[in-house]
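> Chains A and U supply the protein sequences, listed in that same order. Position in the first sequence (first residue = 1) + 18 = this note's numbering. Position in the second sequence (first residue = 1) + 72 = this note's numbering.
Since the hints were derived computationally from the structure, they do not count as laboratory data. It is possible that some hints are incorrect.
Said to hold, decoys possible - Rough simulated footprint, nothing fancy, chain U against chain A, three-plus residues with beta-carbon under 8 Å:
#	segment
1	339-353
2	386-394
3	423-437
4	440-451
Owing to the predicted nature of the structure, the values given are computational and were not obtained by experimental measurement. The beta-carbon is built from N, C-alpha and C at its ideal position, and this holds for glycine as well.
Here are the chains, one letter per residue:
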Amino acid sequence: MLSLVVFLPLAVAAALAPLPSTVSPRVFTVGWVCAAAVDALLVLVVWLVHAAGTGITFEQRVPWIPGAGVGYHVGVDGLSLPLVGLTSALFLACAVHSVHRTRGVKGFVLLFLFLQTCCLGLFTALDLILFFVYFDLSIVGMYFVIAGWGSGNAGPSALKFFLYTFLGSLALLLGFLGLYLAAEPHTFDIVELARAAPLSGQGVFGALVLGAIGVGLLIKTPVFPFHTWMPPAHTDAPAVGSVILAGVLLKMGTYGFVRIAMPLLPRTWNEYAWLVVLLGVVSVLYGALVAFAQEDFKRMVAYTSVNHMGYVILALGSAGLAVGSAEQARVLAVTGAVTQMVSHGLLTGVLFLLAGALYARGGTHAMGQYSGLAGPAPVFAGVTAVTVFASFGIPGFSGFVAEFQILAGALATATLAAALALPGILVTAALLLRALHRICLGERPSIPPRPTEGSHDFTDLRANELTAMLPLLGAALLIGTLPRWLLAPIEAGAVHLVGAIG
Amino acid sequence: MAFLVWSLVLLPVLTGGVLACTGTRGAVPAFPVGIAVAAADLVAAVAATVVRPSSEVPLFRGIGFGLAVEGPSGLLLVPVTAVVLAVLWFCATAIGPRESAARFTGLMLVFSGAMLGTVTASGLVPLLVCWEVMGATSWALIGFWWRRNTAVRAANTALLTTRSADLGMYVAAGSALAGGAGSLALDELPELAAPWSTVAAGGLVVAALGKSAQLPFHFWLSRAMEGPSGVSALLHSATMVAAGGYLLLRVHPLLAEESGVAAATAWIGALTALVLGLVAVAQRDLKQLLAASTSAQLGFVVLAAGTGGVFGGTAHLVAHAATKAALFLVAGAWLVGFGTERLVELRGVGRVRGGLGGVFTLAAAVLAGLPPLSLWATKDGILAGLGEHDAALYSLGTAAATLATLYGVKAVRLVLTPPPGGPPVVRQGTESGGGLPPGRAIPAPALLSAAAAVLGVLTLPWTSERLSRAIGVSAPAVPTPAEGAFSAALAVVTAAVVWWWGRRPPPVPARIRSGLRRWGVFGTPLARLPVRALAALAAALATFDDRVLDRGVHALAGAGIRSARALERAVERPLNGGVYTLSAVVGGLGRTARRAQTGLLHQYYAQAVVALLALALLLLVVR
Numbered sequence: 019m020l021s022l023v024v025f026l027p028l029a030v031a032a033a034l035a036p037l038p039s040t041v042s043p044r045v046f047t048v049g050w051v052c053a054a055a056v057d058a059l060l061v062l063v064v065w066l067v068h069a070a071g072t073g074i075t076f077e078q079r080v081p082w083i084p085g086a087g088v089g090y091h092v093g094v095d096g097l098s099l100p101l102v103g104l105t106s107a108l109f110l111a112c113a114v115h116s117v118h119r120t121r122g123v124k125g126f127v128l129l130f131l132f133l134q135t136c137c138l139g140l141f142t143a144l145d146l147i148l149f150f151v152y153f154d155l156s157i158v159g160m161y162f163v164i165a166g167w168g169s170g171n172a173g174p175s176a177l178k179f180f181l182y183t184f185l186g187s188l189a190l191l192l193g194f195l196g197l198y199l200a201a202e203p204h205t206f207d208i209v210e211l212a213r214a215a216p217l218s219g220q221g222v223f224g225a226l227v228l229g230a231i232g233v234g235l236l237i238k239t240p241v242f243p244f245h246t247w248m249p250p251a252h253t254d255a256p257a258v259g260s261v262i263l264a265g266v267l268l269k270m271g272t273y274g275f276v277r278i279a280m281p282l283l284p285r286t287w288n289e290y291a292w293l294v295v296l297l298g299v300v301s302v303l304y305g306a307l308v309a310f311a312q313e314d315f316k317r318m319v320a321y322t323s324v325n326h327m328g329y330v331i332l333a334l335g336s337a338g339l340a341v342g343s344a345e346q347a348r349v350l351a352v353t354g355a356v357t358q359m360v361s362h363g364l365l366t367g368v369l370f371l372l373a374g375a376l377y378a379r380g381g382t383h384a385m386g387q388y389s390g391l392a393g394p395a396p397v398f399a400g401v402t403a404v405t406v407f408a409s410f411g412i413p414g415f416s417g418f419v420a421e422f423q424i425l426a427g428a429l430a431t432a433t434l435a436a437a438l439a440l441p442g443i444l445v446t447a448a449l450l451l452r453a454l455h456r457i458c459l460g461e462r463p464s465i466p467p468r469p470t471e472g473s474h475d476f477t478d479l480r481a482n483e484l485t486a487m488l489p490l491l492g493a494a495l496l497i498g499t500l501p502r503w504l505l506a507p508i509e510a511g512a513v514h515l516v517g518a519i520g
Numbered sequence: 073m074a075f076l077v078w079s080l081v082l083l084p085v086l087t088g089g090v091l092a093c094t095g096t097r098g099a100v101p102a103f104p105v106g107i108a109v110a111a112a113d114l115v116a117a118v119a120a121t122v123v124r125p126s127s128e129v130p131l132f133r134g135i136g137f138g139l140a141v142e143g144p145s146g147l148l149l150v151p152v153t154a155v156v157l158a159v160l161w162f163c164a165t166a167i168g169p170r171e172s173a174a175r176f177t178g179l180m181l182v183f184s185g186a187m188l189g190t191v192t193a194s195g196l197v198p199l200l201v202c203w204e205v206m207g208a209t210s211w212a213l214i215g216f217w218w219r220r221n222t223a224v225r226a227a228n229t230a231l232l233t234t235r236s237a238d239l240g241m242y243v244a245a246g247s248a249l250a251g252g253a254g255s256l257a258l259d260e261l262p263e264l265a266a267p268w269s270t271v272a273a274g275g276l277v278v279a280a281l282g283k284s285a286q287l288p289f290h291f292w293l294s295r296a297m298e299g300p301s302g303v304s305a306l307l308h309s310a311t312m313v314a315a316g317g318y319l320l321l322r323v324h325p326l327l328a329e330e331s332g333v334a335a336a337t338a339w340i341g342a343l344t345a346l347v348l349g350l351v352a353v354a355q356r357d358l359k360q361l362l363a364a365s366t367s368a369q370l371g372f373v374v375l376a377a378g379t380g381g382v383f384g385g386t387a388h389l390v391a392h393a394a395t396k397a398a399l400f401l402v403a404g405a406w407l408v409g410f411g412t413e414r415l416v417e418l419r420g421v422g423r424v425r426g427g428l429g430g431v432f433t434l435a436a437a438v439l440a441g442l443p444p445l446s447l448w449a450t451k452d453g454i455l456a457g458l459g460e461h462d463a464a465l466y467s468l469g470t471a472a473a474t475l476a477t478l479y480g481v482k483a484v485r486l487v488l489t490p491p492p493g494g495p496p497v498v499r500q501g502t503e504s505g506g507g508l509p510p511g512r513a514i515p516a517p518a519l520l521s522a523a524a525a526v527l528g529v530l531t532l533p534w535t536s537e538r539l540s541r542a543i544g545v546s547a548p549a550v551p552t553p554a555e556g557a558f559s560a561a562l563a564v565v566t567a568a569v570v571w572w573w574g575r576r577p578p579p580v581p582a583r584i585r586s587g588l589r590r591w592g593v594f595g596t597p598l599a600r601l602p603v604r605a606l607a608a609l610a611a612a613l614a615t616f617d618d619r620v621l622d623r624g625v626h627a628l629a630g631a632g633i634r635s636a637r638a639l640e641r642a643v644e645r646p647l648n649g650g651v652y653t654l655s656a657v658v659g660g661l662g663r664t665a666r667r668a669q670t671g672l673l674h675q676y677y678a679q680a681v682v683a684l685l686a687l688a689l690l691l692l693v694v695r
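Same shape as in the complex, but just chain U (with noise of 0.2 Å):
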């Protein structure tokens, strides 16, 4: 049955690489092709969720790329597919770009493949291919309306600042290598000899709190927005920031084994819970309200993940998905429809359509935490227990817990509760055709949302320990029945509380309120900082390159011909002079040699007779 994981993976990928190479020529087949892969693959993952299949293939000498459902993944694949399908249907329907749709849909096949490839890969090489190929993707979406700048700005801050935690993997997978896990299987690693594993486990969180955006990475997700609804539907709910948080339930056995960072998991996912909590409520902007709530909701999962709920991380996971993919495609849908994302703008538009407004208003009710509904229960399985062990990180959740009941309430009191003059009107919309989706679109966002509503079912103790064994994980820990009625009773009151509460200006001073609003900007300092020191030190570098590397070069080679003048002025000249010199000297013997050539017989005679002599004096010396 290997073949079924590689279809699973593989299927989406080739298909969306075809289409988006396509141009304007697969503009109308896109989406049908698109809504038919992304069905196939729901059921092919279906059948991999039953059988389970795992293959691996040689990669590298001793590293394998290996595929299999196990652990976490089984839980996940069936949502992931199911929200790929729903946001494809709905683009393909209602709020689709219809300027190259068959590179947007070849995109999110590419996008969702790639998250299937996280989501089953058993060993760091394919873990760490999918996880990156993904981000580029997610590039490539979030960049899609490529004309404006402010998109492909964010497209960039979001791929550095993705890839930046994502160094943390390559880190890990060196120090696995170097600590004795020579295949990089991601079960090999709870194995690891010392110092390694806790520098592979720090490694992989902090690649898991970028992709997941959680602090301190927390502000490329608020640039994120830049992106087309549906992908951002995506983008939220089912991949991409459930990445990391899959990442860490998966990686749950090497984290058991490293308290420490352990401990640090679970303090920054509460932390982000809380102050992401807070970002969303001082929102004004429909869609930075859900976006931050989506950090928010992660920090749960990431909550879970640091305290080894595995089983409770992974039904909170599910639960979210359904939740945000749903309220992102009906605020999609409104952009489209009216024109603005702006909350005051949107007051009442629950009322245009019930369809919508319904939908919303559940998925909000979900988000929100209102009891019997999935995400009350599933946040309730994360706390369970924590309170006895670690009273401060259950405090910090509850808080957390609570400003979800004000955003997700704030949400719904908005679109229902029309201004005095009556709701607004459609118009023609920025992304796409404009008006209000057509009555076929509907199901994709109500069937999300109902499931959304009764996900809850997994966190029963008769399901959840069922589950829990069939992924090989530990059975959660079921919250006591005082802890479920403190949280149902917290939940209803803080909403009762909001909804009275109104429109009247929350008793937070303003400042706090506008410095919240601003999330994406509040990061960046943080993020500016490197990059501009980045920026300083490339010129100066690039300044001492052509101004002292280069000119030394240049000087060498300056010396060079320099000391070949001075050379040819102190020795050559010289020594040139010296052979002239010596010629005349020559020439003046030679001519003083001529002179005896009198050509006169008598002369030579006596010239004779001299050499005779002197020959006769030198013969009578020597001897």
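Chain A with its partners taken away, still in its complex shape (with noise of 0.2 Å):
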């Protein structure tokens, strides 16, 4: 059944591969909503059933490389399932956005619908070696999404993403192979690797391997002073890329830290959780001052994803603090952290479908371009200052249900950290109600910027445009007002979590 929701994907892409690129675009571009909207169908089929078990489920086992100890192995539990959910959600909403998309349709669909398997792929794979496959060629797809399909300077953005984060995933293997090492006898498979925890207690080494895995899903996050691979990459991507890449691409790095660096190096976390927690409280502060400074809506959007991925790993490392004790706090931290990877992703996703919007109509993503958008386009002005405040952390949204966890659950453990990390929600803030005012609000300037040909002023949000946006936003809703369906299956994991690291 898992295995269907990864490949069902890369299978319509198998049968859409043959035709020609002349047929008409929408035979692609139907044809990648039908699969996405199939596929999302299905992953809801797999949280109701998985609502009913504990642990894992749907988990499936088949030798690949016997061996080298590598397997195909996948499940999902309470802390992968929501990311499995996000994906779909977000791949739905691109597919529906770009059902109108004319230019270069054809490899843009393929790309899309082979993005969609790998992604889908990592968050539900349970061994070392399948997770990394997935975790590069998700790189090398979004490579050719950026360079194929982006703007301006789409070319050295994209090959800049490319080799930073391959790097990454160098560091990556290095790690996996230190802990392939270290099993005995020697495997790839996380729930086996996660049982034993081989290098607990081996100070260097593990050390090392903690070192070189978390380098390389800190680059992946991005976490300061990693992260700067990504506005350029954000900037330049197409609307739709930069959704898929702020919205699942970063959570691989964090999800990466659940699901291997924190429970098959329990100890080593505990020793280095200071410094994760001190990565997270400058991610923090650094992400959203920096944002502050920015002049370019897209950009913007990009360093405020520094600031909130800042809290995802601040919960994490407070989590592995206070060993033994504060078990209520950590467990928050870890659900608050895995909830922000959600809210994130659905909020950021329509920050970047606006950005895309207001790229369309006015061809700049330069905020000082524009003001009063409000007048003649009021939904987009609505939609925009929902998100806005959402985006901020205002209650009855994802965004708050997520950072209150954290940041309660943070403080009970790493008071000071924590702390300092506080005024991250008054700049992130500020910043986003700035650009809220430039953008919508204000006196509208008698001759608009850059005319477009047909219409004189800014047309208001499509059909097809609302239609992608508003389920995400409603997701968000429904997370910030009746949140259990989606933490009980999250608590349940982070329970789990927190009792392996002590």
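Assembling the complex is the task here: the two chains are given apart, and the hints tell you how they should meet.
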């Protein structure tokens, strides 16, 4: 069942591939929407079945390269299922958003179907090599998306993204090999490695392995000082590419921590949790402050991602402190971290779609070029306002549920660090409100900055754009108001994880 | 009866949320729907006050989302919902914005629902949720006229100022978790372990001071006047600023454990009442006078919370809500009718329409603390008993009360005495259609004003004992006859002096007066400094990010390419050269070897002989 979920997009891609690129682009876009919709329904079924079970469900184990201890081992638990759901939701939104696309449609659709399989595969993988394969392939796929369909300085940005994150994945592989060698018998199986925890108590080697895995994941997350690949990649990527990059690919980094780094190296994690907390706090403040100084809307959103992912890292680090006590606070922090991954995916997804709408109409992301858009485009302004408030953590939306748990949990175990990170939510509020004011509110200039052909003013959101955005916002609202359906499975996973790390 | 407390909060929030999204289609039904929901909520509030329901649903691990009518909230539900209904009625009939009526009504409903949630929250999580939703909605209401940059900036200032204070509530939640109150219920806070209880109390006090526009957060309230008058009538009376005072009264058991924090709270309240009282006296703009007086009056509530007068503080909160709502509604009507807020131009407006003038005069007399009206009585209830324990606080409070008489009477005298040329004429207003409100609008402020006048009965010993027992707080101290007589005499004499003094310039240097007048500004350097520092730091970090961090990565990549080139020059080329040399040598050897292949048989034989001899020689040597 899980393999069907993972490989359905790839199968659809294989079916569409033989068609000549001269057929109507609608064939590809509608095919993509259908594939993404069916996949989302399948994920819903998985969710409902999982909710009735406990631990890892839908587990499947097939020998792959038995000699090297590599197997095709998949399954979902409370930590991965929310991300599987997020992935299918975001890809569906991207498919709907791209339904009217005309330029280079075939390759675009095939690449995204391929990317969807990679992303779903990564979140269901329970084998290090399988995880690594998906991790690398997703980088390849995203490279082509940015290089082929990007704007502005797309080539160099894509190359930078590829080389930087590929370097990270090499470090990751090094770490995986360390784990493999330490385990007896040698294996890459995540579940078995978690049970054995082969490196607990082996100071230096454990630290080196955690360091290698940590650097690989921190680059992907990205965390200060490894984040500089991200702003150019986001600025030059197509809007839906940014959605997947920020919404799903960044989560591979943070997910790697809860799936691999923490449970497989529990003692080492405890030992270096303070460093993780420190990196988290610095990312929170640094990301927020640098975002405050940006003039380009998309670049600003990219830097707020550094801030939001910083909270995740802070929470995971603080969960590694206070071993043996404060169980509630640590579970709260881990639950908040996973919720933040989902929440950031949904809300930043909408922000990037809005950035795409802005660019499609005004031809620029520079905030200084716009003002008073609420006049000609009230729906655009309304959606932007709601998303902005949700994004800086106003209760009622998922961001608050995530950030409250993170901050309350972290304040209890890493008090000083969390107190230092607290003003981050104020700075994000300030910068997002300022962006909202500059773009949507205030006087509308009498002459629009760049009237496009055929229309002399900024047109409001189209139906397919709204259809892509509103369900994501709706999900964020649902998580923000009635979160138990999401929090219950995450908490089960978080309790297990906190138990594993002491 | 759990549904009662949920519907109390959710009914306005959900209807308001839907209404706000309907755009122009919702313009016609907006006010009728809003009034109907507010009326239904008033009924629910009355029922909830009687039944005292409580309910909780699970939210986070071990932390619930609970609403309950307990403590001071029992006395606040009906005033809050009544003021909401009155304000919406007056907006619908008189001063409401005609443009985007659905957005206005919807936001007002969400805002009031969030206030009701704040008042009924039984744990820190529901409190923070409703508290911040109220803050966000206040942003949308203050910035209602979004085309005006000043309005949007004022909204941003209000939200960011109150949110920076709200961080205290996050800190309080973390401390409660660390200090052993895992459920984050308000009732568990007094039992927190030692250092955490101080931190939690301090955090909650900071959050409350921000919301209630107390020193040093007071400045946001001045700029919040950019919103429609109906918003001011709600924001300054029973909601928003009232929430801060309410929170301090609600968590009084925690403050009682933390005497240091409580004392600081009391002093900040008293100082705000005094300083903002001075500010109010100095105003030339009616709405600004009323706004400054809001901070000052809330100062009394904060003082009460700091000194343990929970019942007295609650009574003052209720009486002030009715008073200030009435005043702002009438002020809004005058703004619409005469197109000005400047007090000089409003001289004599109270005589243009007797009804409005009477309503305003009564409410302003209440605000002035004239006996036997309500604010006089509730303020005496707060100060009662302080004289023995803390003479300094008592004197501060009395001085602040005298200032209240000054600004209250000043406002009344201005609107009742027309200038020589007669009162101003009604003209096109700035907010909506213009003109004075129709007769059917008048009951709203009139009832509020009447309620404000008589709410002093709450503090009569007979009622206060029963009510405080009903809401489960200690019975209030009752002022001695001497204290009562003194404060009554002081108020009457002050009022008489102010009336007699009239329009002559007050005996205070003009520089001080103009300094006080610009209270929205004199607070801002305090706020502007961190904002400027933040912007500078952000710019510096952005430069660092581009110039150092990103360049560093590029330099690293460049170093890779350079080292590859160096490697090519230093190793690859010599190595390659070596390979060429080797192949040349081998080729030469091959060519040499080929020379033996002459094709002449006798030479092959000779070669064979030489080879055999060499072999034989080798054999000999090896043996």
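> Against each hint, give a clear statement of whether it holds in the structure.
So, going through the hints one by one against the coordinates:
With 6 residues having a Cβ less than 8 Å from any Cβ of chain U, the segment 339-353 of chain A passes the three-residue criterion, so the hint holds. Judged by the Cβ-Cβ criterion of 8 Å, the segment 386-394 of chain A is covered by chain U as claimed, because 3 of its residues qualify and three suffice. Counting residues of the segment 423-437 of chain A whose CB lies closer than 8 Å to any CB of chain U gives 11, which reaches the minimum of 3, so the coverage claim holds. Remark: the segment 440-451 of chain A is confirmed as covered by chain U, as 8 of its residues place a Cβ nearer than 8 Å to a Cβ of that chain, reaching the required three.
In summary, this structure violates none of the numbered hints.
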